[in-house]
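> What the sequence shown shows, in UniProt numbering, is residues 1 to 480, in sequence order.
Derived from the structure by calculation, the hints contain no laboratory data. A portion of the hints provided could be inaccurate.
Calculated pairs, DSSO-like style, for lysine-lysine (alpha carbon to alpha carbon, straight line, at most 27 Å) [what the hints assert, rightly or not]: (1) K215 - K204; (2) K342 - K103; (3) K210 - K434; (4) K210 - K346; (5) K210 - K249; (6) K220 - K438; (7) K159 - K116; (8) K159 - K139; (9) K215 - K434; (10) K116 - K128; (11) K242 - K469; (12) K127 - K139.
Computed Cβ-Cβ distance ranges for the label pairs, DEER-style [unchecked claim]: (13) K267 - K159: 53 to 61 Å; (14) D124 - E298: 57 to 65 Å; (15) V441 - S260: 24 to 32 Å; (16) V393 - D180: 47 to 55 Å; (17) R207 - Q133: 29 to 37 Å; (18) N448 - S365: 36 to 44 Å; (19) D106 - S365: 47 to 55 Å; (20) N206 - E298: 42 to 50 Å; (21) E244 - S110: 29 to 37 Å; (22) K210 - G178: 34 to 42 Å; (23) G301 - R207: 36 to 44 Å; (24) K438 - D106: 42 to 50 Å; (25) D124 - N206: 23 to 31 Å; (26) N163 - E244: 20 to 28 Å.
Quick reminder that beta carbons are idealized off the backbone N, C-alpha and C, glycines included.
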Amino acid sequence: MSILIEFAIENISIRKGKNMRIKSICVKLIAIGVAILMLNTPLLHSFASESTQTNTIGVSQWAIDEVNMASLYEIGYEGMYSNLKSDITNDELVNLAVNLYIKLNDNMDSEELVFKFQNKIITDTWKKEHDPQGLSTRKDVIEVLYNILKETVPDADGKDSVNYLLEAKILRGRGNRGLDLNSHCNREELLVMAKRAYEFVLRKTNRASKGYFYKIHGGKSDVYLLGSIHMADISIYPLEEKIEDAFNKADYIAVEADVSNLEDTTKYIQQKALFYDGTTIDKVLTPETFELYKEQVEQYGFEPEVYNVLKPWYAAMLLQNLSLQQYDYEAGLGIDLYFLLKSKNKKIIEIEGVKFQIDLLDNFSPEIQEMFLLDILLSIQNNDEGQSQSTEVMQYMLEVWRQGSEEELEKLVAVEGSEYYSEFSQLFWIQRNKNMTKRIVEYLKDNNKKTYFVIVGAGHLVGNSGVVKELLDQGYTVSQ
1 MSILIEFAIE NISIRKGKNM RIKSICVKLI AIGVAILMLN TPLLHSFASE
51 STQTNTIGVS QWAIDEVNMA SLYEIGYEGM YSNLKSDITN DELVNLAVNL
101 YIKLNDNMDS EELVFKFQNK IITDTWKKEH DPQGLSTRKD VIEVLYNILK
151 ETVPDADGKD SVNYLLEAKI LRGRGNRGLD LNSHCNREEL LVMAKRAYEF
201 VLRKTNRASK GYFYKIHGGK SDVYLLGSIH MADISIYPLE EKIEDAFNKA
251 DYIAVEADVS NLEDTTKYIQ QKALFYDGTT IDKVLTPETF ELYKEQVEQY
301 GFEPEVYNVL KPWYAAMLLQ NLSLQQYDYE AGLGIDLYFL LKSKNKKIIE
351 IEGVKFQIDL LDNFSPEIQE MFLLDILLSI QNNDEGQSQS TEVMQYMLEV
401 WRQGSEEELE KLVAVEGSEY YSEFSQLFWI QRNKNMTKRI VEYLKDNNKK
451 TYFVIVGAGH LVGNSGVVKE LLDQGYTVSQ
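Turn these sequences into a full structure, and let the hints steer you where they fit.
Below, the structure written as structure tokens:
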């Protein structure tokens, strides 16, 4: 249970004068859903699901991120992620290779082709000396992975296997022991190399995500700009190599809000998310909206003592998050959190901060808050096929992000309708876009010739009022 939820339940209990009985699943879902925002603010990452993080007990520090990604890619079988320092057997290596080969060939279901590939890697690697229970060397792993690359990458055949994997950055040395090819390979090393091979193939075959990635020219310091999607699934990974390269050479990472550690702000969020003056949500909503809200929230097992004291903007974020969680969309797989967790040696800069974003939501007029909640309530209702509009939009948004289509993204974030929609657009998009542009210009004017890697919601970059257009209007050059 998060600090936030402990505070919330304690305060509600005191005011109600009785103990709260909340199902354990609801407690966790409140903690996850407290900060979701429609489309593109990063607060939801502060309650990212634990399912996106592999148990790192026993994992070497250098391997944690890559082993975690291997698990998310579902490389290998589940049992391989325990006893990671154990030497792998030849049988384990072959099984992982077959699994990887199938994944890289769009989950082919031809048993004949899979069996043929399995026999090929056994013959090419061990000739007639294959012992399934024998221990694999690092050289064995190289030969097996190279066989996969030959089958999946057009220009891989006919190369020296060791040099090819070195050039592809799949193989690296063991410190002062060099490549150490004749030593046994453990599970940790195999998973890391298999993960690198998987990403290498997807990038070489143009299947990596393009995203919305730009370099801004004309400043004294370098600025790379990446449009984020803050809730996603594993399908958006890996990213194109140029994005990772830009991040690796950056001195600073600038994000809307640093959501990697929110211990200091959870109490503030809790104070803003609930009514404390005796107001209940039914008093601020129309009867029609409240009945729809009550019907939806009770489906998740919430009691009136809880859902009646949630503010409409908080309730909207909670319900959208609960809906998307059912379809394996996770805040923990969002782009900004992905890079924040890799930013151990970089200075993190906040463009807005969590308090700014919470205040933005909390200060919306009652009409906008109800509009926001009603939109969510209508979007999460299932159609005849058992799927909601919210999940359909999410699927489409992920595909648009993978392709990097500016035109399609602009359609997705366009806000039309009543005067309240206009007010929402002005506060949520236009004014924030201007503030983000101002901060980026400050980075560009840094005389120290540093490199900035800036991540903001992708919706802030496109359109006539977007950050990219604002930078162009100020005389900067933008390239992709």
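> Evaluate each hint against the coordinates.
How the hints compare with the structure:
Proposed proximity of K215 and K204 is supported: the alpha carbons are some 22 Å apart, at most 27 Å. Of the supplied pair hints, the one linking K342 and K103 holds, its CA atoms being roughly 26 Å apart against a limit of 27 Å. Among the hinted pairs, K210 with K434 is consistent with the structure: their alpha-carbon atoms are about 25 Å apart, no more than 27 Å. A threshold of 27 Å between alpha carbons decides the hint, and for K210 with K346 the separation of about 24 Å falls inside it, so the pair holds.
Taken as a hint, the K210 and K249 pair is honoured in the structure, with Cα atoms around 19 Å apart against an allowance of 27 Å. For the hint pairing K220 with K438, the CA-to-CA distance comes to about 15 Å; that is within 27 Å, so the pair holds. Only pairs whose Cα atoms come within 27 Å are accepted, and K159 paired with K116 is accepted, the gap being roughly 22 Å. Proximity of K159 to K139 is assessed by CA-CA distance (about 15 Å); at most 27 Å being required, the pair is judged to hold.
Proposed proximity of K215 and K434 is supported: the alpha carbons are some 18 Å apart, at most 27 Å. Among the hinted pairs, K116 with K128 is consistent with the structure: their alpha-carbon atoms are about 16 Å apart, no more than 27 Å. For the given pair, K242 sits about 22 Å from K469 by alpha-carbon distance, which is consistent with the 27 Å threshold. As the CA atoms of K127 and K139 are separated by approximately 14 Å, the hinted pair is consistent with the 27 Å bound.
For the hinted restraint 53 to 61 Å between K267 and K159, the CB-CB distance of approximately 58 Å keeps it satisfied. Between D124 and E298, the C-beta spacing of about 60 Å keeps the proposed range 57 to 65 Å intact. The hint said 24 to 32 Å for the Cβ distance between V441 and S260, and at roughly 26 Å that hint holds. Checking the proposed 47 to 55 Å range against V393 and D180 shows it holds: the Cβ atoms sit about 50 Å from each other.
As the Cβ distance of R207 to Q133 is approximately 35 Å, the hint placing it in 29 to 37 Å holds. At roughly 43 Å, the beta-carbon separation of N448 and S365 lies within the given 36 to 44 Å, and the hint holds. Restraint check, D106 to S365: a C-beta distance of roughly 49 Å satisfies the suggested window 47 to 55 Å. Taken as a hint, the range 42 to 50 Å holds for the pair N206 and E298, whose Cβ atoms sit roughly 47 Å apart.
At roughly 33 Å, the beta-carbon separation of E244 and S110 lies within the given 29 to 37 Å, and the hint holds. Judged by the Cβ atoms, the range 34 to 42 Å given for K210 and G178 holds: they are separated by roughly 37 Å. Between G301 and R207, the C-beta spacing of about 40 Å keeps the proposed range 36 to 44 Å intact. Taking the beta carbon of each, K438 and D106 are about 45 Å apart, inside 42 to 50 Å as hinted.
Distance hint check for D124 and N206: the Cβ-Cβ separation is about 27 Å, which falls inside the suggested range of 23 to 31 Å. For the hinted restraint 20 to 28 Å between N163 and E244, the CB-CB distance of approximately 22 Å keeps it satisfied.
When each numbered hint is compared with the structure, no violation occurs for any of them.
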